[in-house]
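Colleague: So the sequence lines, in the order shown, correspond to chains R and B.
All residue numbers in the first sequence are consecutive under my numbering, ending with 230.
All residue numbers in the second sequence are consecutive under my numbering, ending with 113.
Since the hints were made in silico from the structure, they are not lab data.
In this text the structure is predicted, and so the values were computed from the model without any measurement.
Hints should not be assumed to be uniformly reliable.
[Said to hold, decoys possible] On the chain B side, residues computed to face chain R include the following (Cβ under 7 Å):
id, residue
1, E47
2, G72
3, R75
The C-beta atom is built at its ideal place from N, Cα and C for all residues, glycine as well.
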Amino acid sequence: MEQKLISKAQVSHLHEFARKKDIVFVDLRIELVDHLCELIEERWKDHPNESFKDAFHAVYKSFGIFGFADIAAKHQSQMSKRYVKEIGRYFWNWLKPPQIFATLLVYYLIFYSLKTMPSFPIYIAVLTGITLISSIVISILLYRQNLKIVGEKNVLMSGVINGLYWVCHFGIQIPLLGSGFKTEFLLESPYLLSFLFMFIVLFGLANYTILKKSAVQLHQIKARTASLV
Amino acid sequence: MKNNRYIKGFLEDIVLSLINDNHEMYGYEITKKVQEITSGAIKVTEGALYPVLHKLENSGQLSVDFRPAGGRLRKYYTLTPKGNLVASESKFELESFFDGMQVLLKLKKSIG
Numbered sequence: 002m003e004q005k006l007i008s009k010a011q012v013s014h015l016h017e018f019a020r021k022k023d024i025v026f027v028d029l030r031i032e033l034v035d036h037l038c039e040l041i042e043e044r045w046k047d048h049p050n051e052s053f054k055d056a057f058h059a060v061y062k063s064f065g066i067f068g069f070a071d072i073a074a075k076h077q078s079q080m081s082k083r084y085v086k087e088i089g090r091y092f093w094n095w096l097k098p099p100q101i102f103a104t105l106l107v108y109y110l111i112f113y114s115l116k117t118m119p120s121f122p123i124y125i126a127v128l129t130g131i132t133l134i135s136s137i138v139i140s141i142l143l144y145r146q147n148l149k150i151v152g153e154k155n156v157l158m159s160g161v162i163n164g165l166y167w168v169c170h171f172g173i174q175i176p177l178l179g180s181g182f183k184t185e186f187l188l189e190s191p192y193l194l195s196f197l198f199m200f201i202v203l204f205g206l207a208n209y210t211i212l213k214k215s216a217v218q219l220h221q222i223k224a225r226t227a228s229l230v
Numbered sequence: 002m003k004n005n006r007y008i009k010g011f012l013e014d015i016v017l018s019l020i021n022d023n024h025e026m027y028g029y030e031i032t033k034k035v036q037e038i039t040s041g042a043i044k045v046t047e048g049a050l051y052p053v054l055h056k057l058e059n060s061g062q063l064s065v066d067f068r069p070a071g072g073r074l075r076k077y078y079t080l081t082p083k084g085n086l087v088a089s090e091s092k093f094e095l096e097s098f099f100d101g102m103q104v105l106l107k108l109k110k111s112i113g
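Work out the full structure, taking the sequences as your base and the hints as a guide.
Modeller: This is the structure in structure tokens:
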């Protein structure tokens, strides 16, 4: 007797099921759906007359009483760790002689040339603000672009929005807390602002790299999915 | 199976070692392979396996590739150079750990 295999409609049904179980990241869902398919096909070897529905219910039990929820929860906690690691890796990789030299050069050109001007702190404050806003806008645009690739998000890109939120939150709050909520403090501390500026530039570049990396994976998924049809 | 309570601590090493031996593997294949090799004495559950695979992927020890298989996409894992290094180091460490355990258990037995 020929081996009974999962049909494309049944694969779609499993994707829909996983989506309802909060497996929102396409890369994780592909993996879990494939696992379910393998379990069902394996079961059909011994129970060839069993329906898809019955086989599915039987194999889903192997995921334990929490089903996908347990994996999804653990995945969620690792997701933010991964994002922080990616950002950390980017900053760490930056700490190499050519990049440090380029950073110092840019720093010198911008800040030491502006230093001679009377409203130097205001220039830096404006520059920092513009950089932060541009970084957020570019990240959101790229995020939306990524969403369009397969109509869903993957794990890698999902950390970016949280990251932007925390940087905006702390990037504004820490200097304000440090200054006792006196905005003049920032304008009187151009070096703190300069540091914030450099941090925002690096953070923006790191997010850009992460989103581009995530787009590569999504394009791969899109191309490989198309080859199935 | 009582054996499974020991698995958690060694799961990362098991996964790295299996992928090292088989060049590339996917989730279900790993669970099957463990059962096959140990004749069913050790069972790796999905709830334990996937968090470990994702952790190894996040730490840069595994790289992934999505390819079609059986009319659907499949996520394959391969070792990165960092994963290769960790796999060979952990194999060496595990061997000496189990040697120590054997001595310890025999010693306990002889005392008992």
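Colleague: Each hint needs a verdict: does it hold in this structure or not?
Modeller: Going through the hints against the structure:
no., hint, result
1, E47, "5 Å, holds"
2, G72, "6 Å, holds"
3, R75, "5 Å, holds"
Violation of the numbered hints given earlier is absent; every hint is satisfied by the structure.
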